[in-house]
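Asks: So you can see what is in the structure, the chains are spelled out below.
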Amino acid sequence: MLCEDAQYMMSARLDGELPEAEMEGLDAHLRACRTCESQWQRFRALDSLLREIPMERSPNRVRIGVMQRLERSQKAHQALLGGTALTLGTLALAGILLAPLLMGLLEATGVAPALFSGGLTTIEQLIGVGETLGRAFFTLLEQLVLPLAFLSLCGLILAVAFNRLWVKAVQRVS
Amino acid sequence: MTEQDEKEWIKRARAGDQIAFGNLVSAYQSPVYNLAYRMLGSPMEAEEAAQEAFIRAYKYLNSYDINRPFSTWLLSITSHYCIDLLRRRRLKLFSLDDESTGAYRISNDSPTPETVVRRRELSDHMQELLVQELSPIDRAAVTLLYWYDHSYEEIADVLDLTVSAVKSRLYRARRTLAEAMEGENLYAV
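Chains as they are written, first to last, in the working numbering: chain A, 1 to 174; chain B, 1 to 189.
FYI, nobody ran anything at the bench for these hints, they're computed from the structure. Any given hint might turn out to be false.
[As the list claims (entries may be wrong)] Residues from chain A that face chain B, not an exhaustive set, calculated with beta carbons under 7 Å:
| # | residue |
| --- | --- |
| 1 | Ile53 |
| 2 | Glu56 |
| 3 | Val62 |
[What the hints assert, rightly or not] Calculated pairs, SDA-like style, for lysine to any residue (alpha carbon to alpha carbon, straight line, at most 25 Å):
| # | chain 1 | residue 1 | chain 2 | residue 2 |
| --- | --- | --- | --- | --- |
| 4 | B | Lys11 | A | Met67 |
| 5 | A | Lys168 | B | Lys7 |
| 6 | B | Lys59 | A | Gln74 |
| 7 | B | Lys11 | A | Gly25 |
Just so it is clear, CB atoms sit at the ideal spot from N, CA and C, and this is done for glycine as well.
Bound-form chain B, shown alone (with noise of 0.2 Å):
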């Protein structure tokens, strides 16, 4: 998709032309999709999150900014679901008690079938302590920061914060997530 294409699908949506707006969920479901799956931690949830993100960004297309990145503009609409989806319910944290608290090694080595194995259990086990260990709003900054590459000043601009208060939010983001990782005896590197 080029810049070009993506213009030309935004204003033939805008117009009401639904199959052109399919063109930019087809673009668009895998980063929003991963960003309500960081956030909500289950697949179910973050599907249903996703396709209301899209619904909202359709009936709100007009008041888009042509100017402003389409990608930032729809990961805002999905982080904001999330964060107000998080706080309506009260996300119940599940307990990892049941969970192994084996500590993983990360291996720079060409991944054999026990390592691929490994690395999505670790990759599980992350996900569980962000979305139990983080606030709504935390846990989207370290998301857009460490999946979508954001920088500062995009975090700031999808969560609607100032540049200096995403630098904090990472920070104890990041703290807390170090503290939770020693207790889960998760550090043998």
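With the rest of the complex left out, here is chain A (with noise of 0.2 Å):
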């Protein structure tokens, strides 16, 4: 038996993993080899220290630190949702309310009889529509700067209040 082989095998004597086949070719090589007698010593002392070793107390602060953050992390949580749903809400409000006018100022620029008319087939054509909307958009821009402000307003209040609703529903499932 190689010297290596044997305090291989004493590691795995130690834990009570070794064959008991393997026990007494250990033993015999043991009695015969003053290196390997002598590094089984000092495994078994090793092995006795470590035992020794006793655990540590744990912090309660790490229950205390897991809950503060797992807190910290629902609150985010609900913080993104509420910033989604606000940002979706003003959407949608300012959508709704700005379609009928788009539509009319299409309307009142004969844009649109041609857009669902069918009427546009050349791509000058389609290109003099680009321009008109833009100038339109930029037009509508214009004139409806304090409408725009106060649908914002609108959607942002409403967007609060489903952010408040929400936040609650979830605290009282949680």
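If you follow the hints, you should be able to join the two separate chains into one complex; please do so.
Replies: So this is what it looks like as structure tokens:
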């Protein structure tokens, strides 16, 4: 038996993992090899020392810290949901209120009839429509700054209210 | 805590019940903290690592296989987190030059105050050797063997190793520690 193999077996023996059949071979080697016998004594002493070391007491702060982090994470999640609801609410409201105005403007500029009658057949016509739409958009912006601000504010209030309701509902569930 | 309690808490925690998860934290904070402490060698770092391990466990609770022991799964998360942390940081090893290198003797007599102090010193010294001399995975294997009474199979399960690899790592760790202790003149038994 090689010394390296014997020392490998010693480690397994300390853990009760050395098969019975190999015990005798190891013992025979230990009787014959002073180096390995000495290493065996070192391994045993190390084993005793390690087994003497007690478990550390865990600070209760671990639990407190985990619970605080989970709470923060839940709040961040709710804030994200609230923020998403806020954005979607504002966009939806603005879209609903702006759609009739935009359609009216398209009617007035003659773009809508052309669009819906299928009269646009050439690239030039399409480019012309694009330019008209661009102008219409900026005109709309100029004329509707105040209404837009008002509508956004309404959307904001609605979204905040929705967010509050959502947070309360989540808290009730948890 | 009974096994039934544990299963119930896991089920409730999976449904988002943080109080139930808090019960699991209370039940397992000691083994998780101890493993992190043996791995990292610092109480502060161990506390942070233990918290992080629990947060990860909460996050991935749905992927936990209920047929596997929860403790094994939790210790696996903890050891892998600590191993990654040590690898990332390339933990600066600290010198023992200023430490006392006097020989320690283990006594089986009833502990006197002096014995208690010496055992504490020995414990700290061995902890330093573990951190200083062993690779993170070897350290985890030694920790699970000595402080958690894990079998080779359980250690292999926690660390995602084969049983044969565990056996080799424990042998290598013992040889390394034995040599280090020889150098420190810690054998006075």
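Asks: So, for every hint listed, does it hold in this structure?
Replies: We went through each hint and held it up to the structure:
1. Ile53: holds, 5 Å
2. Glu56: holds, 5 Å
3. Val62: holds, 4 Å
4. Lys11(B) to Met67(A): holds, 18 Å
5. Lys168(A) to Lys7(B): Violated, at about 29 Å.
6. Lys59(B) to Gln74(A): holds, 12 Å
7. Lys11(B) to Gly25(A): Roughly 51 Å between the alpha carbons, so the hint for Lys11(B) and Gly25(A) is violated.
Of the numbered hints stated above, those contradicted by the structure are hints 5, 7, listed in ascending order.
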